[in-house]
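Asks: Single-letter residue listing:
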Amino acid sequence: MEFFKIRKTIPFMRYAFVFNVISLLTFLAAVFFLATKGLHFSIEFTGGTLVEVNFKEPANVERIRETLEKAGLKVEAQNFGSSRDVLLRMPVEKGQSSSETSEKVRALLQVENPSAEVRRVEFVGPQVGKELAEYGALALLVTAAGIVLYLWLRFEWRFGLAAIIANLHDVIIILGCFALFQWEFSLPVLAAVLAVLGYSVNESVVVFDRVRENLRKMRKATIPEVIDAAITGTISRTIITHGSTQIMVTTMLIFGGPALHYFALALTIGICFGIYSSVLVASPLVMWLGVDRSQFVVQPKKNLRDENDGAVV
Amino acid sequence: MNRYPVWKYALIALCVLFAFVYTVPNFFGESPAVQVSAGRATVKVDAALVSRLEPALKAAGAPPTGMILDASGVRLRFSDADVQLKARDVVEQVLNPDPQDKAYVVALNLLSASPSWLTAINALPMYLGLDLRGGVHFLLQVDMQAALIKRMDAYAGEIRGLLRAQNLRHAGVARDGQSLRVRFREAETRTKARAEIGTRLPDLVLTDRDDGQDLLLVGALRPEAQKREQEQAIQQNILTLNRRVNQLGVAEPVIQQQGADRIVVQLPGVQDTSRAKEILGRTATLEVRMVDEEAMRSGSTFNVDVFPERKRDGTVTSVPTRKQVVVTGDQFVGAQATFDQDQRPAVSVELNEAGGRIMRQMTRENLKKLMAIVLFEKGKGEAVSVATIQGEFGSRFQITGMFTPTETNDLSLLIRAGSLAAPMEIIEERTVGPSLGKENIDKGFSATQWGFVAIVVFMSAYYTLFGVVSSIALGVNLLFLVALLSLLQATLTLPGIAAIALTLGMAIDANVLINERIREEVRSGQSPQAAISAGYERAWGTILDSNVTTMIAGLALLIFGSGPVRGFAVVHCLGIMTSIFSSVIVSRAMVNLIYGHRRKVASLAIGDTAWK
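Protein chains in written order, with our numbering: chain A, 1 to 313; chain B, 314 to 925.
Treat the hints as calculated values from the structure; they're not laboratory data. Treat the hints with care, since some could be wrong.
[Claimed, not checked] Heads up, simulated EDC-like pairs for lysine to aspartate or glutamate below, C-alpha to C-alpha not over 16 Å straight-line:
| hint | chain 1 | residue 1 | chain 2 | residue 2 |
| --- | --- | --- | --- | --- |
| 1 | B | Lys636 | B | Asp489 |
| 2 | A | Lys8 | B | Glu833 |
| 3 | B | Lys636 | B | Glu695 |
| 4 | B | Lys681 | B | Glu705 |
| 5 | A | Lys5 | B | Glu833 |
| 6 | B | Lys751 | A | Glu117 |
| 7 | A | Lys104 | A | Glu117 |
| 8 | B | Lys540 | B | Asp456 |
| 9 | A | Lys5 | B | Asp921 |
| 10 | B | Lys682 | B | Glu607 |
| 11 | A | Lys74 | A | Glu117 |
| 12 | B | Lys636 | B | Glu471 |
I would like the entire structure built from these sequences, with the hints used as guidance.
Replies: Now the structure itself:
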């Protein structure tokens with residue numbers, strides 16, 4: 001079986017400008033949504049109390065909300081996974097501890113409906129939430145810096161810069177989607193975003209590896225031709241690996257239940273945009289940043305001179 | 314060229330075997346058990362104790378089916394959950410005849426049902442996090458400022474006593490924030506006092522300051538003493554929490570310091586979360602203070618602390634007390650719930666020697682005056698008992714004023730469990746019910762399972778024999794990962810399971826790279842053997858690069874992540890390492906075994922390479 005019987009090199013770089021405009025527009029849209037709508041942070045970041053309740057029969061979310069609000073609790077209630085599961089979110093109230101809040105909810109719900117079972121309580125103090133947000137941003141920064149540094153050492157600074165621009169733009173697009181649809185941004189989602197960052201840099205690495213190899217092999221080709229050949233040569237692998245990873249992520253989306261839903265969703269967006277940006281955005285960027293054959297074939301020249309020196313003596 | 318020396322095959326086979334042995338305990342499931350450990354330092358769990366238990370259990374019809382005795386205590390295995398419950402009650406009756414004063418912690422637990430030889434070589438099932446097995450997780454913040462202030466208050470008392478003993482006249486000792494101010498009228502007295510305090514209390518930095526007509530001596534805690542004070546405070550709090558948790562009877566509690574001023578408490582398998590929270594969350598400290606009767610009459614609030622007092626009829630009155638603390642909670646050594654002579658619930662307490670001496674002196678000097686016992690919870694004080702001092706007493710006395718035996722029980726438990734050096738506040742809490750934990754495992758497991766099956770089907774169809782080899786390598790990767798997690802006893806959480814699935818999805822990348830490369834080499838006219846060799850060689854650099862970048866992200870998560878993210882990061886990082894090994898070395902070994910020893914290979918079973 002072979003899906004990709006590509007006989008000619010596809011002239012990707014001819015459309016480099018188009019790809020980058022598309023990606024710039026998506027990026028700007030993502031930034032726009034992030035700025036206007038903002039992320040819907042989970043209580044892990046904002047602080048607050050979250051209670052998951054399971055009922056024996058389908059729950060009346062409206063009634064639950066009313067009951068709790070009558071008792072003076074500010075609450076946001078929604079179904080979670082199934083109609084029998086309800087998720088309650090309460091912001092941090094000054095002067096009231098988490099234990100009081102969750103106990104109060106438990107008591108109130110049990111009066112309302114004896115079959116109510118509190119399955120999960122999460123409370124995060126506002127100060128912990130702030131720390132988590134800071135550490136999350138720090139993790140993102142360190143990852144980005146680490147990747148640039150590694151690619152710089154391994155290839156050349158242009159590759160590092162191009163890869164990180166392409167992939168950070170993926171991150172912004174994932175965040176933009178979360179802002180647009182107001183999906184909940186939780187800690188596992190943050191983990192997914194960082195995993196995507198590390199993962200889709202792979203794509204750039206694979207293409208860059210091939211670019212480097214081709215630069216040495218295809219002595220007469222122009223830079224765009226070299227890049228085109230590299231992308232064409234790796235496209236089958238790119239799509240198959242992403243397909244395999246996506247198979248895993250899709251099963252997570254289907255079987256993983258509500259707890260893994262947004263995690264898998266973030267990965268899905270990341271993987272789809274990852275292919276596009278790390279191949280079709282990073283490569284033109286490298287080209288425009290002025291990659292040159294001399295940057296990679298310095299080594300043999302030096303050896304040559306050494307040999308000549310030896311010959312003279 | 315595609316042959317490994319025999320030792321290499323042997324080493325790989327050994328690794329796989331090793332991984333298999335350490336993975337096996339995960340398949341045996343768990344059997345119900347009762348765990349007994351020492352609740353106090355003075356009692357021991359040993360063979361003698363077990364021999365006391367065995368006949369009692371047999372008589373009750375709950376004979377253990379196995380037992381493990383080690384330094385942490387004894388774990389008795391039972392055939393089913395009903396027997397387990399019955400056995401718990403029997404053990405509790407035998408070991409803790411007095412429910413007020415439990416010498417042993419008896420808890421329900423689950424033990425791995427794997428054969429004992431596996432347990433003996435430390436092959437244990439993966440350690441499941443609270444989100445998978447159910448339980449409570451608390452993060453407590455210790456209020457260090459309060460600990461320091463408390464310390465300074467104690468110093469103020471000591472300085473007063475010191476100056477009185479040396480007959481040095483002063484015009485008042487007061488605490489201002491975290492420093493102490495002692496006022497003097499004469500410079501000479503101040504110099505003497507300074508020398509005296511300096512030698513007796515070396516942890517204080519003393520400076521002279523003149524404030525209008527008064528001469529001040531300002532004392533502050535040295536930075537190193539401050540640090541020591543904070544460390545001691547957190548250590549004492551951890552100790553106290555340990556004792557409180559022991560009262561709850563939890564099988565494998567985790568109580569650890571996190572950062573400079575935080576404590577993590579994890580109680581796996583705890584069902585009654587509200588009870589746990591009550592015991593832990595009641596960060597109560599006791600203080601004995603004198604009631605300021607003058608302020609009580611005049612209603613003035615000047616220079617007194619005012620606490621509410623609940624009366625028997627439900628009304629609340631306020632009690633003004635002096636700021637000076639007579640006895641603090643850490644001087645209590647014992648407490649029992651009893652009844653007083655009028656059959657009202659009471660708590661009988663015992664103070665340590667120093668506390669008893671202070672108490673004797675105080676009661677002698679203040680006969681017929683009012684004394685208050687103030688219970689501090691979450692920074693708020695409440696006078697639990699206000700009583701007239703009827704006679705001189707020392708280290709033993711009774712506190713009355715509670716209304717029900719339950720309340721006296723709780724108070725005595727709190728006092729007995731030790732007092733906290735500094736107040737604490739729950740700043741993070743996660744409670745997961747056992748049914749949700751079970752569901753999380755099932756969902757995570759089925760996601761991984763179906764994803765794995767789908768990848769295997771696809772790889773085998775697309776790359777035929779090489780696809781099968783890649784799939785086996787992927788299976789070996791999973792085996793290594795589970796074995797490592799079991800061996801390290803790293804906590805597996807739901808995000809951790811997600812990381813297993815994701816790692817498998819990413820790990821196949823290496824094999825796809827290799828297989829594609831081999832196909833390419835074959836198409837460009839290389840011989841099959843040369844294609845395999847070149848394919849693996851050329852793909853290696855790329856595989857390394859891509860795994861390093863993924864690893865960077867994983868490590869950043871490991872360092873900066875907390876809670877669920879860390880669980881994800883640990884598995885992710887381990888998975889990257891195992892995947893490099895299995896997808897490159899293990900798969901190569903298999904390919905070598907298949908092709909490397911043939912003299913003639915006409916073509917490779919790697920799918921369609923015939924097109925040009």
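Asks: Against this structure, judge whether each hint is valid.
Replies: Hint-by-hint comparison with the structure:
no.: 1; hint: Lys636/B <-> Asp489/B; in the structure: holds (13 Å)
no.: 2; hint: Lys8/A <-> Glu833/B; in the structure: holds (14 Å)
no.: 3; hint: Lys636/B <-> Glu695/B; in the structure: holds (14 Å)
no.: 4; hint: Lys681/B <-> Glu705/B; in the structure: holds (10 Å)
no.: 5; hint: Lys5/A <-> Glu833/B; in the structure: holds (11 Å)
no.: 6; hint: Lys751/B <-> Glu117/A; in the structure: holds (15 Å)
no.: 7; hint: Lys104/A <-> Glu117/A; in the structure: holds (14 Å)
no.: 8; hint: Lys540/B <-> Asp456/B; in the structure: holds (14 Å)
no.: 9; hint: Lys5/A <-> Asp921/B; in the structure: holds (10 Å)
no.: 10; hint: Lys682/B <-> Glu607/B; in the structure: holds (11 Å)
no.: 11; hint: Lys74/A <-> Glu117/A; in the structure: violated (21 Å)
no.: 12; hint: Lys636/B <-> Glu471/B; in the structure: holds (15 Å)
In terms of the numbered hints stated before, the structure departs from hint 11 and from no other.
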